[in-house]
Each structure stands twice: as structure tokens, then as C-alpha cells.
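Take the sequences, apply the hints, and build the full model.
One letter stands for each residue in the lines below.
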Amino acid sequence: MKIVVCVSHVPDTATKIVVGSDNKTIDANGVTYVLNPYDEIAVEEALKTKEAQGGDVVVVSVGPDNNKESIRKALAMGADSGVLLKDDNYRDSVGVAKALAEEIKAQDAQIVFFGKQSVDYDNSIVGQLTAEMLGYNCVSVAVDLKLDGEKITAEREIEGGREVIETSLPAVITCQKGLNEPRYAALKGIMAAKRKTIEEKDAAVSENSVEILEMKKPAPKEPGKIVGTDSSAVPELVRLLKEEAKVI
Amino acid sequence: MLQAMVREFTDAEIRPVAAQIDEEEKIPDGLIKKIGELGLLGTSFPEKYGGGGFGGVGYCLAQEEITRACNSTAAFIGAHQSIGANAIYIGGSEELKMKYLPALCAGEKIAAFALTEAEAGSDAFNLKTEAKLTNGKWILNGEKIWITNAGIADLFSVFARTDKGITGFVVEKDFGGISIGPKEKKMGIKGSVTNTISFDNVEVPEENIIGREGRGFIVAMKTLEAGRLGIGAASLGAAKEMLELSAKYAAQRKQFNQFISNFQAIQFMLAEMSTNIYAMESILYRAAEKYDNGEDISTDAAIVKLFCSEAVTKVTDHALQIHGGMGFSRELPLERYYRDARILRIFEGTTEIQKMIIGKKAVKQKGKWKV
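Order-wise, the sequence lines are chains A and B. With the first letter of the first sequence counted as 1, position 147 gets the number 147 in our numbering; the numbers rise by one all the way through. Add 248 to the 1-based position in the second sequence for our numbering, that's all there is to it.
Fair warning: there could be bad hints in the mix.
As the list claims (entries may be wrong) - Here are the simulated DSBU-like pairs of lysine-lysine, each with C-alpha atoms no more than 35 Å apart in a straight line:
{"hint": "1", "chain 1": "B", "residue 1": "Lys538", "chain 2": "A", "residue 2": "Lys194"}
{"hint": "2", "chain 1": "A", "residue 1": "Lys68", "chain 2": "B", "residue 2": "Lys281"}
{"hint": "3", "chain 1": "B", "residue 1": "Lys380", "chain 2": "A", "residue 2": "Lys2"}
{"hint": "4", "chain 1": "B", "residue 1": "Lys281", "chain 2": "A", "residue 2": "Lys50"}
{"hint": "5", "chain 1": "A", "residue 1": "Lys68", "chain 2": "B", "residue 2": "Lys282"}
{"hint": "6", "chain 1": "B", "residue 1": "Lys296", "chain 2": "A", "residue 2": "Lys48"}
{"hint": "7", "chain 1": "B", "residue 1": "Lys296", "chain 2": "A", "residue 2": "Lys196"}
{"hint": "8", "chain 1": "B", "residue 1": "Lys347", "chain 2": "A", "residue 2": "Lys196"}
{"hint": "9", "chain 1": "A", "residue 1": "Lys16", "chain 2": "B", "residue 2": "Lys296"}
{"hint": "10", "chain 1": "B", "residue 1": "Lys502", "chain 2": "A", "residue 2": "Lys217"}
Unchecked claim - Where chain A lies over chain B, by a calculated footprint (3+ residues, C-beta under 8 Å):
{"hint": "11", "segment": "253-265"}
{"hint": "12", "segment": "283-296"}
Stated by the list, open to error - Here's a subset of chain A near chain B, in silico, CB distances under 7 Å, partners left out:
{"hint": "13", "residue": "Tyr184"}
{"hint": "14", "residue": "Ala185"}
{"hint": "15", "residue": "Met191"}
Hints listed in this document are in silico derivations from the structure and should not be mistaken for laboratory results. Cβ coordinates follow ideal geometry from the N, Cα and C atoms, glycine included.
In C-alpha cells form, the structure reads like this:
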């Protein structure tokens, strides 16, 4: 079975983000990029699926040359080959999904894994869009997955609980924390990844339907207020919590 | 990618249990298993022997990252890989390497390096353990002390005296006649086990000789050179951790109404730590690259071992001083790094032995600088 896992290359969550001089992008200077953490879960699930059912795991990413680092990481974890759909410019979720859908169609993949969101733009939608474009079934925010032949039984995280659903291949699964514990890339995998191929081709062209007008950091938090240091301050504190903060 | 992976693994799996390893004087079996599965017990060796293929540079990068969290774990890996298994890699025949290295690289078997004896520490050439070839078997008798990993090892690279001089052997724990002494009570690297081993008429198959008879001392010395780079890496990793912890602490600790990082007294200590780290990193990877190119590194390794182990004891001392009373407290890990660093000036050739190697070379070359 052909298994595709789609990955993005995102700023490390520990990185301090600075908005670039154009006010529309982040300043990439000094930013460490990593394989999107949710995509690590997707890679793990793809590898587990391969180990259980056999098949080939192909890692696909849309973006500039640097995305190869994250593809390489997925190869080091155990994926078989990679495809970089080259694109040096900003592309919105629909554009990314279109490029991915075209490649997945060409790969004839039966099951496609995504992270439930990328921690850069946080749109949480590329997986679902891709499924729609391909006409595949889609399970988003999966926390449990069982594959039995063509049949899929999955659990999704929903507000306040879990939803159990059944569907069938071909399908797109977007992966949530808890679905599995991603493996480390073993030394053998890291060495083997150097020999695995990453095919490069241009991403299918499409017009962006979303334009970034401005990017800015959240306003700094207002400093806290000290209303007193002993019990005489309690009535005032209660009044403020009630009337100003409106939390009690 | 190797460094990033080892860092990720260390932060998630080793750092959280580092204090426990020190307190309980034991590296959890599960952790040893994970380290083996990842390939960190064979980082440097070629892939055909089951290793990672990352050479000395890769090995040092990995050891550096691991020591940032736990020197005990690094000492365990070092004793296994860079001396225990490395003696077989450096001195052994192709058959011997194929027989033992794959299992050692995979962590299915743990190795130890057994050279030191009661009367043969720095004076290793004076060792008394004997091996005699009788009816196609080497019969081994003697006692080794201060053997890192002995208590958990499955096989030992043992150096013994034969008719033709000192000779190395691979001795499996199950050959019979081997007894392991109780765990030594140590000041630092408490999680790494150290024991005595005695050999009482141990029968070793003839083919388990490491290289040729009488060539064992050279093999042991070459092996220790590689081990000394590992000590450099361990020193560097600990020093980097100390700098980071100290700079962070100084930026949040207030005295005289300001952060202590504003004081030159603190900045000067951080400056000395940084300068030492720069020098350690530079000489370590210079030597490691030479090692990977197959060049002679006998002097380089001695210089790396001497400088880095001395430097890290200064760096940990500064770190403790910056932390003041909190550094002395066992609530913070500073005192553990301080205790753990001290062995680095002793094992795999003391500071004094390194100076003898370096000094002899200087005399021999009439002071003409060349390494």
C-alpha cells in the first residue's frame, strides 16, 4: 500500500519570533526550523501502518529548499522516500492543498497522514482541504486509529470527549497528540536517510485566495495591579474581580 | 541531525532521571536498552560492524550532548564503546570484529576495558595478569581493578602478560572462572558501575586474541587515545551546561538591588567559562577529525584530555560559585556536575600521565612544535 505523509517545516516552538521589516512575514534570521511536531505524530502513524500492513511511506512537503531538512528527518525516522514540491513564496492553505492533492493523486496513495495543524500558520485545514480535493474520506484530529483491510475505525477528539467513527480507504487522517509516541531517529536511520532520495519538482501553480495584510505580535500584557498586601485589601480585590475583571 | 537527535533524546529520556541515577547509583535498565536501540553504543564504528558510521567526530558530538545531562551515562557509554569495544575494533582481526562488534553496537552485549591492576595503574606496563596457551586455549589468571561497567558487562577486553609480552583478549563473562567484585563507592559518576574482576583459570578460545601476541600494549594505548577524546567531549558537554545554568541563574538572582549578572565579578567568571569552552571545543574537534582521518593522535589526545578535564573542573567550580549556597545545595544539580567532573582528571590516564606523554614528545622533537 502506498502511504503518503505530508509534512511542514516550521519555526521551533522555543524560537523567539520577530516580525520582518515588511510586516507581513517573520524574520527568518536566527530562527531554527524543525519538522512540525504534529507531523512527527503523522510520520509515526505512517510508519506503524507500514509495519502492520506493508507498503511504502512517501514524505511530501510544499515549500522552499530548506524543507528538505524536515523531509530528511522523516526519512531518518524510517520513511522510504521524499518529494519536495518546490515553492519559494507564501502559499495559502488552499494552494498547499492543491499542490499536495496533485502529488498524492500521482502517487496513488490509499492513506494520507497529516499533522492536525502546522504550528506556524495554525490554519488546521490543509488535511481536510486535500481530502476534499481528492474525494477521499477524512478523519481529522485523530487520537486513535485502527485499520482493518479497507475499513477504518478512528477516534477523534471533540469538545469534552471523543467521537468514534467508521469510514474506509482511501482516506486522509490528521493526527493529534496522543495518537502515538513518535520514535527517535536511530543512528542507522540518520545514516540511511543520507542515501534515500528526495525527488524535487515544482509545486502545481495556483493563485492565493488569501493575502496576508499585516503580521504583528500580540499587544504586551498590561502589568498587574497590587491592591494591598494584607487582609484589608480583600474587599477591594473582590470588587475589582467582580466589576472590572468580571470573573466572579 | 545526529546532534539534534541526541539532544532531543537526552532532554526527554536522560535529563529527567539524571538525579535519580546519581542517588540510586544505577542507570535504569530501560534507559540502557533505549540507548542501545538508538545506536548510541556504536556511534563511531563503521556500518558493516553494525555501527552508526559517524566516526570519532560523531561519537564526540553524541557524548557531549549526553554529558550535558548525565556524566554517569556518558561514562557508561564511553567505557563500553570507546575503550571496551574499541579495543576489538582497533586491534582485532576481521573475524573477531564480525564476531563481537555487531552485538556490542546494538547494545545486546555490554563491554568493559580491563587493563588496570593494583600495581599497574598509571604504570600499566607493569601488569601481572597472565595468559598461557595450553591445548589450544588461553588460560587466564589475575585480577583487574577500577573496571568501569564490569558489573554490567557481558564481555571484557582484557590485557594480560604472555610469553611474548602484553596481549589483549576478548573474554566473555560466561567463560567460567570470572568473579566480579562489589560495586565501588565513589564520589561521582555514581551511576556508572566500577568493580574489580578476578580471573581464575579462565579458558579463553585461542581465536579470541586481540591482534597478535605481544602487541597488546600498543592496542591498549591506541584504544586509550580514542577514549581520551571521549573524555574531552564529556568535559565539554558538562562545561556548556554549567555556562548555561550559570548565566540563567545570574540573570534572575538579585543582590544589592540588582541582578548579579550586572556585576563584573560574575561576568568575569562567565568569561573564563566561555573562553575555556571555546578552547575545549576547538582542540577536541581538531583532534577528532585527525582521528577520523587515521592520523596519529597520541599527543593530540593527551593534550585534549589534559586541557579539557582540567578546564571542566574549573568551569564547574565557577558555576558553583555563581550559584552560591544554592550551588552547594543538592536541590540543584550543580554539586553533581562538580563531583562528576573530578574523575575526568583521573581515569583513562591521569593529568600527570598526559603531561608525561606531551612532555616526552616535546623533548624528542627538541621543542619544535608539531602535532
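Status of each hint after checking the structure:
Of the pairs offered as hints, the one joining Lys538(B) and Lys194(A) holds, with about 23 Å between alpha carbons and a cut-off of 35 Å not exceeded. With a CA separation close to 31 Å, the supplied pair Lys68(A) and Lys281(B) stays within the 35 Å bound. A C-alpha spacing of about 61 Å is found between Lys380(B) and Lys2(A), which places the hinted pair above 35 Å, so the restraint is violated. Under the criterion of a C-alpha separation no larger than 35 Å, the hint pairing Lys281(B) with Lys50(A) is consistent with the structure, at around 24 Å.
Straight-line distance between C-alpha atoms of Lys68(A) and Lys282(B) comes to about 27 Å, which keeps the hinted pair within the 35 Å bound. Restraint check for Lys296(B) and Lys48(A): satisfied, since their Cα atoms lie roughly 27 Å apart, inside the 35 Å limit. Under the criterion of a C-alpha separation no larger than 35 Å, the hint pairing Lys296(B) with Lys196(A) is consistent with the structure, at around 18 Å. Proximity of Lys347(B) to Lys196(A) is assessed by CA-CA distance (about 29 Å); at most 35 Å being required, the pair is judged to hold.
Between Lys16(A) and Lys296(B), the direct Cα distance comes to roughly 43 Å. Violation of the 35 Å bound is thereby established for this hinted pair. Taking the CA atoms of Lys502(B) and Lys217(A), the gap is about 30 Å. The hint holds against a cut of 35 Å. With 3 residues bearing a CB less than 8 Å from a CB of chain A, the segment 253-265 of chain B meets the requirement of three and the coverage assertion stands. Requiring three or more residues with a Cβ within less than 8 Å of a Cβ of chain A, the coverage given for the segment 283-296 of chain B holds, as 7 such residues are present.
For Tyr184(A), the suggested interface contact is upheld, since its CB lies about 5 Å from the closest CB of chain B, less than 7 Å. This hint holds: Ala185(A) has a C-beta 5 Å from the nearest C-beta of chain B, less than the 7 Å allowed. A least Cβ separation of about 5 Å between Met191(A) and chain B falls short of the 7 Å threshold, and the interface hint therefore holds.
Checked against the numbered hints above, the structure breaks hints 3 and 9 and satisfies the rest.
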